[in-house]
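Novice: In order, the protein sequence lines correspond to chains A and B.
So for the first sequence, the working numbering puts the first residue at 110; every next one is plus one.
So for the second sequence, the working numbering puts the first residue at 110; every next one is plus one.
Check each hint, because a few of them may be wrong.
[Said to hold, decoys possible] Below, a list of computed lysine to aspartate or glutamate pairs in the DMTMM-like style, where the Cα atoms sit at most 25 Å apart:
| id | chain 1 | residue 1 | chain 2 | residue 2 |
| --- | --- | --- | --- | --- |
| 1 | B | 280 | B | 298 |
| 2 | A | 283 | B | 351 |
| 3 | A | 418 | B | 391 |
| 4 | A | 232 | A | 354 |
| 5 | A | 283 | A | 259 |
| 6 | A | 230 | B | 200 |
[As the list claims (entries may be wrong)] Pair by pair, the computed Cβ-Cβ distance ranges are:
| id | chain 1 | residue 1 | chain 2 | residue 2 | range |
| --- | --- | --- | --- | --- | --- |
| 7 | B | 175 | A | 252 | 44 to 54 Å |
| 8 | B | 354 | A | 360 | 18 to 28 Å |
| 9 | B | 346 | A | 158 | 41 to 51 Å |
| 10 | B | 247 | A | 406 | 18 to 28 Å |
| 11 | A | 404 | B | 205 | 36 to 46 Å |
Calculated directly from the structure, the hints in this document are not laboratory data.
Nothing here was measured: the structure is a model prediction, and the numbers come from that model.
Glycine residues also receive a C-beta, built at the ideal position from the N, C-alpha and C atoms.
There are 2 protein chains.
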Amino acid sequence: MTQALCDAAGMCGRCNFSLVFVVLAATGFGAEVQKPLTMADVLAASKPADWRTLDPENTLYLELTNGRVVIELAAAFASNHVANVKALAREHYFDGLAIIRCQDNYVTQWGDPEADSPDKKRKVQKAKATLPAEFMTALDPKLPFTPLPDGDLYAPEAGFAQGFPVARDPKSGKMWLVHCYGMVGAGRDNSPDSGGGTELYVVIGQAPRHLDRNVTLVGRAVHGMELLSALPRGGPPMGFYEKPEQRTPIKTIRVAADVTGPERSQIQLLRTDTPTFRALIESRRNRREEWFQFQAGHIDLCNVPLPVKVLTGPAEH
Amino acid sequence: MTQALCDAAGMCGRCNFSLVFVVLAATGFGAEVQKPLTMADVLAASKPADWRTLDPENTLYLELTNGRVVIELAAAFASNHVANVKALAREHYFDGLAIIRCQDNYVTQWGDPEADSPDKKRKVQKAKATLPAEFMTALDPKLPFTPLPDGDLYAPEAGFAQGFPVARDPKSGKMWLVHCYGMVGAGRDNSPDSGGGTELYVVIGQAPRHLDRNVTLVGRAVHGMELLSALPRGGPPMGFYEKPEQRTPIKTIRVAADVTGPERSQIQLLRTDTPTFRALIESRRNRREEWFQFQAGHIDLCNVPLPVKVLTGPAEH
């Protein structure tokens with residue numbers, strides 16, 4: 110036999126699971142009790158309104174020689190950085206630069222290999238080279254927020270807003286994006302205001318939550334993540350590639366709105382402000398697939414999957 | 110500038126941090142107050158007794174064409190599985206088999222690509238093909254346990270024992286290994302007793318804590334993890350490679366005790382039952398390196414680094 114583990118995306122392969130969505134009239138009061146569902150059940154029962162289409166004006170395409178990484182930008186959380194990254198992309202700042210760092214169980218980072226050379230470094234034109242930090246933003250009570258039932262070790266509240274993992278502190282009136290797998294941020298030096306988006310990184314390992322509120326996160330890789338996570342690791346201690354030939358070249362980074370026709374990726378994401386998404390969280394807190402012997406009864410923020418449907422696009426892999 | 114993120118191993122590269130270990134006579138009572146330390150401080154001040162040498166009888170070498178993965182086995186938690194994996198290695202069960210699955214943000218898995226073919230599959234000789242599950246074991250109060258101060262979302266207690274991430278439930282009198290990055294387990298089918306070690310997997314993403322108490326973990330990759338985490342991902346939904354040429358061949362898996370002379374890797378690990386390790390945990394709960402603007406004040410089990418010193422070995426990479 111080939112033994113399998115039910116996977117992070119709820120696809121169980123050789124595991125059997127019921128696709129039947131059952132509503133039982135279970136009590137004398139006629140209350141409707143839903144049978145516990147798997148994530149596959151939840152997705153099979155989802156309706157078109159449970160899904161949203163990526164906004165092309167808030168989406169980046171990172172084009173590598175072997176495919177496209179699609180990054181959704183989080184304008185509600187880091188508006189200046191998001192605007193600046195788009196401005197950098199539109200002045201072709203990133204085109205021809207490279208992936209310069211890959212540190213196991215931590216981050217992959219890209220930008221200008223010559224950033225330390227005043228002569229050779231890529232010049233920023235109309236965009237900004239650095240920006241004031243946007244580590245947190247004012248907690249917007251009008252922003253729909255789906256809290257996790259099991260709390261969080263690092264923040265008073267954790268959950269999802271606009272498709273992103275988010276922590277909130279009602280006492281300080283702040284909210285911030287969380288460093289889960291696939292989240293993209295703006296590297297910086299020691300000064301908090303030394304980032305701005307000319308160097309970006311993506312989380313490729315256990316959520317480095319100690320970075321929360323220490324770096325400005327700008328979005329999340331929603332497709333093509335494996336093009337960044339499966340790269341050869343750079344040398345110790347920090348995974349910077351020592352030789353130019355180790356670096357993966359960046360063909361271009363474009364704002365999706367500037368890409369038209371069949372080159373545009375058509376991608377849908379499950380909304381995170383719906384009963385369907387709350388059912389999905391529950392389906393992951395207690396796994397009902399036959400393979401599972403024990404149900405955890407809990408889930409942490411960075412273990413909740415954010416389902417994606419790729420409808421069309423040039424870089425399927 | 111090249112912007113850097115202080116890394117998961119506490120090495121900050123361009124970040125400055127103090128290497129001075131300072132004990133201050135700080136109060137009128139003459140109490141000694143230690144200045145907060147970085148992990149680099151803690152390691153610099155560690156003594157030989159803070160380190161332990163891998164027991165070769167409890168260590169596996171997974172030999173790939175491009176290097177060696179060193180796996181420490183956890184006999185105190187899964188004695189039968191550990192004995193069986195060693196028996197499988199010693200009868201050369203794994204030699205010439207392959208890595209058959211790599212699923213992004215989840216697991217890399219190796220074993221027999223022909224496991225589903227009664228004719229072609231590799232025969233188990235004196236070892237066992239399957240074993241009763243060892244998902245948990247009796248909580249041994251004599252086993253030194255360093256609890257985490259911040260608790261755990263999934264278990265009543267979490268901490269470290271014998272160098273492994275461990276959860277405990279005093280009520281049920283059970284303890285179990287936890288699915289952190291690098292942990293190695295024995296794949297199984299739907300029956301809980303269908304594993305045994307002929308297929309093994311390693312965690313390469315966010316800790317899949319829903320697998321805790323659902324699979325028998327047998328150890329942890331302590332060196333060479335990047336040989337398993339940076340592999341090309343297999344196809345959806347579960348990352349199994351579809352074509353034989355996609356699979357990475359396994360040259361051999363050996364018990365370190367059977368490897369002598371310069372081929373033996375000399376590896377030391379920081380003990381997890383010492384004041385030094387407790388100081389390390391604290392140095393990671395509150396990061397004192399200059400780069401950090403905000404100290405999390407918390408840490409989760411799978412974010413605590415387990416430092417390794419590689420003294421000698423044939424497969425440095």
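Novice: State the violated hints by number, sorted upward, taking the hints as numbered earlier in the document.
Specialist: Hints 1, 2, 3, 6, 9 are the ones this structure does not satisfy, whereas the remaining hints hold.
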